[in-house]
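Whole structure, please, built from the sequences with the hints as guidance.
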Amino acid sequence: MNRVESLILGAGYTGSRLEMALESSKATRRQARPQCLEFDYDRKESWKNLPPSETCFWTFPAQTQNLKDFSELIFSRAKTIVIVSSTGFFLTTEKDEVVNEESKLDTSQDRVQAEEFLRERGAIVVHAAGIYGPNRSPLDWLVTGRVGWSENFLNLIHVDDLVSVLIQASRLSGKSERWIASDGQPKRWSELILEWQKKYGIGEIKEKTGRRPSKRVDPSRTLSTLQIKLKYPSVYEGVDAMRGSSLSN
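One point on numbering: in my numbering, the residue at position 216 of the sequence shown is 440, and numbering is uninterrupted.
Be careful, since some hints might not be right.
What the hints assert, rightly or not - Below, computed lysine to aspartate or glutamate pairings styled on DMTMM-like, alpha-carbon distance capped at 25 Å:
1. 303 with 266
2. 328 with 401
3. 399 with 293
4. 328 with 442
5. 411 with 320
6. 292 with 344
7. 399 with 296
8. 268 with 344
9. 453 with 229
10. 423 with 461
11. 303 with 247
12. 399 with 340
13. 328 with 340
14. 422 with 461
15. 411 with 442
16. 292 with 330
17. 319 with 330
18. 411 with 364
19. 432 with 419
20. 268 with 334
21. 292 with 401
22. 303 with 401
Hints were generated in silico from the structure; no laboratory data involved.
Right, here's the structure in full:
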């Protein structure tokens, strides 16, 4: 089987954008589709479809089930492994606490246990803040009632900027490193609502209690070390760009 430059495990929202940004890449799906490799983590017989690669981007949630066997396979076939995680796994002890790459993780979570097992073997872990972008707008989350008025902070990263962090991590990071993909501009939901009511005329937004503790994510070390220049420095620029694109179509 020929070696590929980039293997992308999972062709979901992030994986699809990553595939668009990378030449000579191969993405996987659970069911065979044109231009995609058939791969299902839960079906070991599909693992043989994965080619050797320079870099493997793991975009679906890792899990401890089957992990030992799969890790032996993937580490033997990929020179560099980059895993997409979440900033939601950083623990806090007080409201609105600042977290960074050195903050403690909730190791009671199966996904965190799996990611740490892989990182200790040399994988690079990138903790992504809330991912938004085309067809996934925080403005729509408010309008449809998915979220509501809250004083909690929201930490975000545009999917295209997340892709940039993942690619730069694959090129510049040492093994077993941990990075954060966030625009570093946490906004309270209440602030966003007031701004978008004024700018876009959205209606009244009812209060809704946040399910997670409010925190502020600091990605400054990641952005500096990986030499990231954000295309969308804050959610305001990102949503404005999406609104402009939809109006022009």
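Evaluated hints:
1. 303 with 266: holds (23 Å)
2. 328 with 401: Within the cut-off at roughly 14 Å; holds.
3. 399 with 293: Cα-Cα ~20 Å, so holds.
4. 328 with 442: holds (14 Å)
5. 411 with 320: holds (11 Å)
6. 292 with 344: holds (13 Å)
7. 399 with 296: With Cα atoms ~16 Å apart, residue 399 and residue 296 stay inside 25 Å; holds.
8. 268 with 344: holds (23 Å)
9. 453 with 229: OK: residue 453 and residue 229 at ~24 Å, within 25 Å.
10. 423 with 461: holds (13 Å)
11. 303 with 247: Roughly 17 Å separates the two Cα atoms, so the pair holds.
12. 399 with 340: Holds, because 13 Å separates the two Cα atoms, which is no more than 25 Å.
13. 328 with 340: Holds, at roughly 12 Å.
14. 422 with 461: holds (16 Å)
15. 411 with 442: Holds - the C-alpha atoms of residue 442 and residue 411 are around 13 Å apart, at most 25 Å.
16. 292 with 330: Roughly 21 Å between the alpha carbons, so the hint for residue 292 and residue 330 holds.
17. 319 with 330: Satisfied, since the Cα-Cα distance of roughly 16 Å is no more than 25 Å.
18. 411 with 364: It holds: about 16 Å lies between the C-alpha atoms, which stays within 25 Å.
19. 432 with 419: Within the cut-off at roughly 18 Å; holds.
20. 268 with 334: holds (20 Å)
21. 292 with 401: Judged against 25 Å, a Cα distance of about 20 Å means the pair holds.
22. 303 with 401: holds (15 Å)
In this structure, none of the earlier numbered hints is contradicted; all agree with it.
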